[in-house]
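Chains as they are written, first to last, in full-length UniProt numbering: chain D, 1 to 350; chain V, 1 to 279.
Since the hints were made in silico from the structure, they are not lab data. Please note that the accuracy of each hint is not assured.
[Stated by the list, open to error] Heads up, simulated BS3-like pairs for lysine-lysine below, C-alpha to C-alpha not over 30 Å straight-line:
#, chain 1, residue 1, chain 2, residue 2
1, D, K121, D, K276
2, V, K53, D, K276
3, D, K121, D, K268
4, D, K276, D, K311
5, D, K201, V, K131
Note that the coordinates shown come from a computational prediction; the quantities given were computed from them, not determined experimentally.
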Amino acid sequence: MTPWSRACLSAAAVAALPGAALAQELNALVWCDHADPALVEPFEQAHGVRVNLREYEGSGAALATLEQSQPGDWDVLVIDAIDVPRVVEAGLMAELPVDQLPTADFFPQVLMEASTTRDGKVYAVTEKFGYNTISFNSAEVDAEDMQSLGTILTDEYAGRIAIYDYYLPVMGLAAVSLGMQTADLAADDLPALREMLFAMKERAATVGEVVASQTALATGEVDIVIGGGEFLTAVLAAEQPEMTWTIPDQGAVLWAQSIGVLEGSQNKDLALEFVKYIVSPEGQARLATSSCYWGMPANRMAGEHLTDEQKAVLRWDEQEQYLSRAQLYPAPDADLDTQMQDLWLEMLQR
Amino acid sequence: MSEGARGWGFVAPALLWTVAFFLVPLGVMAAMSFARLDGRELVWGLDWGNYAKLAEPAIGQAVRVSLEITLTVTAVSVLLAYPLAAILAFQVPPRWQRLALLLALLPFWTSYVVRSYAWLLVLSKQGVVNKALMGLGLVTEPLTLANTRFATVTGFVHFFTMLLTLTIYANLVQLPRNYARAAQDLGASGWQTFRHVILPLTLPGIVTGAFLSFVLCIGDYITPQILGGNNELALPQVIMVQLGRRADFPLASALSVVLMGLVTVAYLLSSRWLRLDRT
Numbered sequence: 001m002t003p004w005s006r007a008c009l010s011a012a013a014v015a016a017l018p019g020a021a022l023a024q025e026l027n028a029l030v031w032c033d034h035a036d037p038a039l040v041e042p043f044e045q046a047h048g049v050r051v052n053l054r055e056y057e058g059s060g061a062a063l064a065t066l067e068q069s070q071p072g073d074w075d076v077l078v079i080d081a082i083d084v085p086r087v088v089e090a091g092l093m094a095e096l097p098v099d100q101l102p103t104a105d106f107f108p109q110v111l112m113e114a115s116t117t118r119d120g121k122v123y124a125v126t127e128k129f130g131y132n133t134i135s136f137n138s139a140e141v142d143a144e145d146m147q148s149l150g151t152i153l154t155d156e157y158a159g160r161i162a163i164y165d166y167y168l169p170v171m172g173l174a175a176v177s178l179g180m181q182t183a184d185l186a187a188d189d190l191p192a193l194r195e196m197l198f199a200m201k202e203r204a205a206t207v208g209e210v211v212a213s214q215t216a217l218a219t220g221e222v223d224i225v226i227g228g229g230e231f232l233t234a235v236l237a238a239e240q241p242e243m244t245w246t247i248p249d250q251g252a253v254l255w256a257q258s259i260g261v262l263e264g265s266q267n268k269d270l271a272l273e274f275v276k277y278i279v280s281p282e283g284q285a286r287l288a289t290s291s292c293y294w295g296m297p298a299n300r301m302a303g304e305h306l307t308d309e310q311k312a313v314l315r316w317d318e319q320e321q322y323l324s325r326a327q328l329y330p331a332p333d334a335d336l337d338t339q340m341q342d343l344w345l346e347m348l349q350r
Numbered sequence: 001m002s003e004g005a006r007g008w009g010f011v012a013p014a015l016l017w018t019v020a021f022f023l024v025p026l027g028v029m030a031a032m033s034f035a036r037l038d039g040r041e042l043v044w045g046l047d048w049g050n051y052a053k054l055a056e057p058a059i060g061q062a063v064r065v066s067l068e069i070t071l072t073v074t075a076v077s078v079l080l081a082y083p084l085a086a087i088l089a090f091q092v093p094p095r096w097q098r099l100a101l102l103l104a105l106l107p108f109w110t111s112y113v114v115r116s117y118a119w120l121l122v123l124s125k126q127g128v129v130n131k132a133l134m135g136l137g138l139v140t141e142p143l144t145l146a147n148t149r150f151a152t153v154t155g156f157v158h159f160f161t162m163l164l165t166l167t168i169y170a171n172l173v174q175l176p177r178n179y180a181r182a183a184q185d186l187g188a189s190g191w192q193t194f195r196h197v198i199l200p201l202t203l204p205g206i207v208t209g210a211f212l213s214f215v216l217c218i219g220d221y222i223t224p225q226i227l228g229g230n231n232e233l234a235l236p237q238v239i240m241v242q243l244g245r246r247a248d249f250p251l252a253s254a255l256s257v258v259l260m261g262l263v264t265v266a267y268l269l270s271s272r273w274l275r276l277d278r279t
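Full structure from sequences and hints, please.
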């Protein structure tokens, strides 16, 4: 046998080893909560595959990543529910076999069919949701005052407030407190929103993303986070139970993220298996309590896999009431979105 | 092989590397700064609209904020680093100088992000600084130090003072002691010796460190993001907003070109002292 033949045979033998099955990889573009090994490793072990996760920090970054990629680079996409129509219109999402997914077990209020379905075809399913509302330190502020932005934005709390640095939910929350419907926001509403945002900024000590807001709250730098919610305080709850959240009387903004399979995927079957795992009761419980941030699972059956303490932190028993008082994220068209982002930048620089 | 061809052969790897990973990306970035977004569609062309946005208050202010922070940091760092470098060079016995330099650099063995968060905790209302001030009875209420420009400048100065100390120290230890002695023999006072002899001869070290500080500071995103509390945005933060949230690569490119322009101006102003061929 020649050295060349031996090399070829060796290569073939290596390829035939059981470990070679691990060569199958799934590439997913996700929010950071999916990067928790406790969530992903059970799927990898069950299927003998590797899941490569790429976290992004905003929908814009996710869309830009997709635009710069070749079809097939990505198999699974997790994205804010309000952004699903954008990726569907761009032809990026594959149809999901909804009969294979447990959507009947989902909280009906978060199915979001208007976003996830087009021409009767389902392209994504909601996997996790929560609220952009008011997080606060109950040891330092009067919980009654947290029931309205009107009582929060007073001199008493000036300098003790952080604003969550994401324009859509915070502007949505401002709109809700002004009695507007987030779904009907238009350019004419921006002056009133500007006034409200500037009032927030004047009294705010900081404007930060999740970790910065958590740090500010945990270290006592601020006592209130506007735009916060369970995703912000849940991971603090074990050590600092005084960190809590509420939904003001006027209501709050509902955030939801969806998962789907990309049209260009070369691994559609495996990608669908991943989606099925994520929306299964076990996967949902792990996703809900991810180390990056917590949130309510879309699948109600996940409750069977959560502890009473975890459910208490998520306010499991109050969801029906909360959902009835929450409005969806604003879903601006491209022009309004640009104006809202300009306004947000203006607020930050103020 | 001729002498010239062999020379090109030696230079070729570095040249190719520079072309592939510096000049080409730079060209793409410059070209993209004249493109525009039509919805989510990138339209190439010669559109000055991105540069016109510098006139918008929020973006124009970012340039101003960046310059103010950078110039403050550079000036404060020079003022702190020079005496420190002088003490290391002239007061610390030579056998201890290496150890002193090592100790000065020790904090930089930790991650830049971790160090910034550490400063955030130190400057917070319940942090070491406020507790010390209140313990000494100097203030009755904690001061707002974190999430301010003061915090950003403090975080930067912590880093750049040490960087400048190194460049100035390297200059100072090369100075023959006889220069100072000669000046004093000629009747110069200590201040005159410093002003007319030592300072001019250490200017290259100062300017090199100051230029490095300027470049690193004006392009830094992490420190103002963590320590500034987003209460005002510096230029790199506005660039990141365009990239991370709006996916507006043309505007981000234009702002990056402006950032490079500011660095180029700083280089031109300091180039006299940055020459490699000191004769």
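Comparing the hints with the structure gives:
| no. | hint | result |
| --- | --- | --- |
| 1 | D:K121 to D:K276 | holds, 17 Å |
| 2 | V:K53 to D:K276 | violated, 46 Å |
| 3 | D:K121 to D:K268 | holds, 16 Å |
| 4 | D:K276 to D:K311 | holds, 23 Å |
| 5 | D:K201 to V:K131 | holds, 27 Å |
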